[in-house]
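Chains as they are written, first to last, in the numbering used here: chain A, 4 to 173; chain B, 4 to 173.
By construction, these hints were calculated from the structure, which means they are not laboratory data. One thing to keep in mind: the hints can contain errors.
For identical chains, the list gives no copy identity; a pair is met inside one copy or between any two copies.
Restricting the straight-line Cα-Cα distance to at most 27 Å, the calculated cross-link-like pairs of lysine-lysine (DSS-like) are [said to hold, decoys possible]:
(1) LYS16 with LYS124
(2) LYS33 with LYS85
(3) LYS16 with LYS161
(4) LYS35 with LYS116
(5) LYS124 with LYS27
(6) LYS161 with LYS124
(7) LYS116 with LYS161
(8) LYS33 with LYS124
(9) LYS161 with LYS23
(10) LYS98 with LYS161
(11) LYS161 with LYS76
(12) LYS85 with LYS23
(13) LYS124 with LYS76
(14) LYS76 with LYS33
(15) LYS75 with LYS16
(16) LYS27 with LYS116
(17) LYS36 with LYS161
(18) LYS75 with LYS33
2 protein chains.
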Amino acid sequence: MTTHHETIRQYDKMLDNLGKWLDKAEEHAKAKKFDADLLAGARLAPDAFSLAQQVQAACDQAKFAAAYLSGKKAPPHPDTEKTLAELRTRIQSCKAFLATVEEKDFAGSEDRKVAPPWLPKGWFRGDDYLNGLSIPNFYFHATMAYAILRHNGVEVGKMDFIGGLNIQEG
Amino acid sequence: MTTHHETIRQYDKMLDNLGKWLDKAEEHAKAKKFDADLLAGARLAPDAFSLAQQVQAACDQAKFAAAYLSGKKAPPHPDTEKTLAELRTRIQSCKAFLATVEEKDFAGSEDRKVAPPWLPKGWFRGDDYLNGLSIPNFYFHATMAYAILRHNGVEVGKMDFIGGLNIQEG
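Extracted from the complex, chain A is given alone in its bound form:
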């Protein structure tokens, strides 16, 4: 079994990876001589989230999972980012909050009542929330951010998505 704290640490790692895809986006824009921040507004369909919105949403999924499952209060983020530099700051701010939530804060979190403000009535068991809602949503937005960059020619590959691996020897 995977503890909720381990999942939040994995989100933190994925946010690091996401920051590195933005670095590659800037390198690509520089080589092709276009304004890298144009990519922040890129989207896969006219009625789909832009790159900036996908990054904001990935950060929010990580932040709210850490908050809802630990009982801590998430810091507000007004979704005003329009540049890659601002998105990088958003990622760092989200990571700083994740770092404040310790393993012990998740004690009993599988049975914690999670009632997000958008849910009209009822609540989720902590475990159902994480497994059936937070994880799919987090990876959805992270992957959509990656997909937008990939579609726009940025040289990101699968290992940029996954990041470092924890390989045991022997």
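Here the structure of chain A is known, so what remains is to put chain B in place on it, guided by the hints.
Frame of chain A, contents of chain B only:
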């Protein structure tokens, strides 16, 4: 904490959702009067996986996680699917295998040595494999399949991605 069995059940649910996106793709093709199977070859970049490959890869991630973490042998799939109907059959075959793996088969799976054939040396702890490799990869390929359909005008939305929610009353 989320048990490995719960994660595999969540994969199973996502594979159901994926099948429904393919249904929506067929409805869209019918309304627009084009051959739905053209979508099986659609991709977001010339050097990225096609929809068919994304579906195959999502199925494989689910199948191998269930096999590696339970010690069962995964059935082979030669990746020959070229139509949406064949992809649907692949999904069903994967789900049939997942259904054979029971909760008790995952006993001790967090510490199981997972050594996929593509890893040159060493191994992953079961938990590291699931959290750091299988889950990101599974959702990556599921989301990329969704992204290809979304980019091609298929009317899939976020709730099609997430599927049914386990809401508690009271």
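To see whether the hints hold, each was checked on the structure:
no.	hint	in the structure
1	LYS16 with LYS124	between (33 Å within a copy, 23 Å between copies)
2	LYS33 with LYS85	within (18 Å within a copy, 39 Å between copies)
3	LYS16 with LYS161	both (15 Å within a copy, 24 Å between copies)
4	LYS35 with LYS116	neither (50 Å within a copy, 45 Å between copies)
5	LYS124 with LYS27	neither (43 Å within a copy, 29 Å between copies)
6	LYS161 with LYS124	between (39 Å within a copy, 20 Å between copies)
7	LYS116 with LYS161	between (36 Å within a copy, 23 Å between copies)
8	LYS33 with LYS124	neither (49 Å within a copy, 38 Å between copies)
9	LYS161 with LYS23	both (13 Å within a copy, 26 Å between copies)
10	LYS98 with LYS161	both (22 Å within a copy, 25 Å between copies)
11	LYS161 with LYS76	between (34 Å within a copy, 26 Å between copies)
12	LYS85 with LYS23	within (18 Å within a copy, 34 Å between copies)
13	LYS124 with LYS76	within (21 Å within a copy, 43 Å between copies)
14	LYS76 with LYS33	neither (39 Å within a copy, 48 Å between copies)
15	LYS75 with LYS16	within (21 Å within a copy, 30 Å between copies)
16	LYS27 with LYS116	neither (40 Å within a copy, 34 Å between copies)
17	LYS36 with LYS161	within (25 Å within a copy, 35 Å between copies)
18	LYS75 with LYS33	neither (41 Å within a copy, 49 Å between copies)
Checked against the numbered hints above, the structure violates hints 4, 5, 8, 14, 16 and 18; every other hint is satisfied.
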